[in-house]
Amino acid sequence: MTSPLSDEDLVEGALGGDENAFSLLYDRYRNPVYSTAYRIIQSAEDARDATQEIFVKLYRSLRSWNPRKASFSTWIYRLASNHAIDCWRTRRRRHEAQDTDDAGEKAGRYALGDAIRSPYREVAGREQVEAVRRCVDLLPELQKKVFVLRYFQEMKLEEIAAMENCSLGTVKTSLFRATHAVRRVLRKARS
Amino acid sequence: MPRSETRHYSEEELLMHLLQEETPEAGENIAGHVRECGECHTVLSEYEIVLARIMRWGLDDFPAEVWDADRLRLLESFRRDQAWLEHRGLLLTLLHGLESAWSYALENPLPTLGYIVVALAFASERTITVLGLDRIMPATSKVIDILRQLF
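As you go down the protein sequences, you meet chains H and G in turn. Note that the numbering used here has the first sequence beginning at 1, numbered continuously upward. Note that the numbering used here has the second sequence beginning at 1, numbered continuously upward.
Keep in mind that a hint or two might mislead.
In silico DMTMM-like pairs for lysine to aspartate or glutamate, Cα to Cα no more than 25 Å straight-line [to be verified]: (1) Lys-156/H to Glu-8/H; (2) Lys-156/H to Glu-12/G; (3) Lys-156/H to Glu-48/G; (4) Lys-156/H to Glu-28/G; (5) Lys-188/H to Glu-39/G; (6) Lys-142/G to Glu-125/G; (7) Lys-188/H to Glu-12/G; (8) Lys-57/H to Glu-86/G.
Worth flagging that the hints you see were computed from the coordinates, not collected in a lab.
Okay, chain H solo, but in the shape it has when bound (with noise of 0.2 Å):
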């Protein structure tokens, strides 16, 4: 049985040129990227660009990253959750400038159309998670990234604090900030 390649070989690989060694870096973290993409972005399309992008800003500058400073994962989450940041900026902006009135009559016939076809508890469980989307989606920045790589990619705290320069109380505030605001927003939605 052959030991699957570590990060650090597949690196090495790509810099020199190796597309198969490329691909195997493809494989192992488009996942992770296009879930941490799609969690701060909040579109499928939009994700599914944005992780396009991102391996292009990957292979580009894999020769930035120091395996003495973070490892591979930590600084693919960082450009992963840092370009998501980029996108859902300019989605924001997009949105901002279109109809608000028609966007929310849509969202109204899409809950309603829902509520029809579903049971109750699914419904309920659906109205749920989309609290939790919403809610995720109003978050400042660092409140988002720091909910998504926790909760979703099961980073530690100490290593979000690495990533993003800053001390792991703040890291720890930020986390606990954006959970209270889905508890308070859930407690909402039950009552």
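Based on the hints, put chain G in the right spot on chain H.
This is chain G only, laid out in the frame that chain H set:
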């Protein structure tokens, strides 16, 4: 006096305990306190439910074929970039050479000046000879004599 008897823990401390993000010592204290304190136990349970709700947020993913197509596009772009990087590599070598030459010139101005004079003299002699300027303008033949004496 154990901390569990002094005060309730903050919601932030309780959340960090739930996520196992506190120091081991603080973890033991909080666990002990929560066993005895109904109020903190309730807050902790509520956060447990909140985390479970958060984890229900699934991924709206694409079929494997979509990702395979994306991978092919990406690899094509990778290949193009590699080819460009090779060209850039030659350019970088040239720039590096010029940079070294400039550093040498700054550190050794007199020898550099000598090299420049010799290079200019050689270039002038070649230009006059190749273009036959000494035949068109006789004065240049004197210049060429001087330049030949230099070598």
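So, going through the hints one by one against the coordinates:
1. Restraint check: the Cα-Cα separation between Lys-156/H and Glu-8/H comes to about 21 Å, which is no more than 25 Å; the hinted pair holds.
2. With a C-alpha separation of about 16 Å, the suggested pairing of Lys-156/H with Glu-12/G holds against the 25 Å cut-off.
3. Among the hinted pairs, Lys-156/H with Glu-48/G is consistent with the structure: their alpha-carbon atoms are about 18 Å apart, no more than 25 Å.
4. The suggested pairing of Lys-156/H with Glu-28/G holds, with an alpha-carbon distance near 19 Å, which does not exceed 25 Å.
5. Restraint check: the Cα-Cα separation between Lys-188/H and Glu-39/G comes to about 21 Å, which is no more than 25 Å; the hinted pair holds.
6. Between Lys-142/G and Glu-125/G the CA atoms are separated by roughly 11 Å; this keeps the pair inside 25 Å, and the hint holds.
7. For the hint linking Lys-188/H to Glu-12/G, the alpha-carbon distance of about 20 Å falls within 25 Å, and the restraint holds.
8. For the hint linking Lys-57/H to Glu-86/G, the alpha-carbon distance of about 18 Å falls within 25 Å, and the restraint holds.
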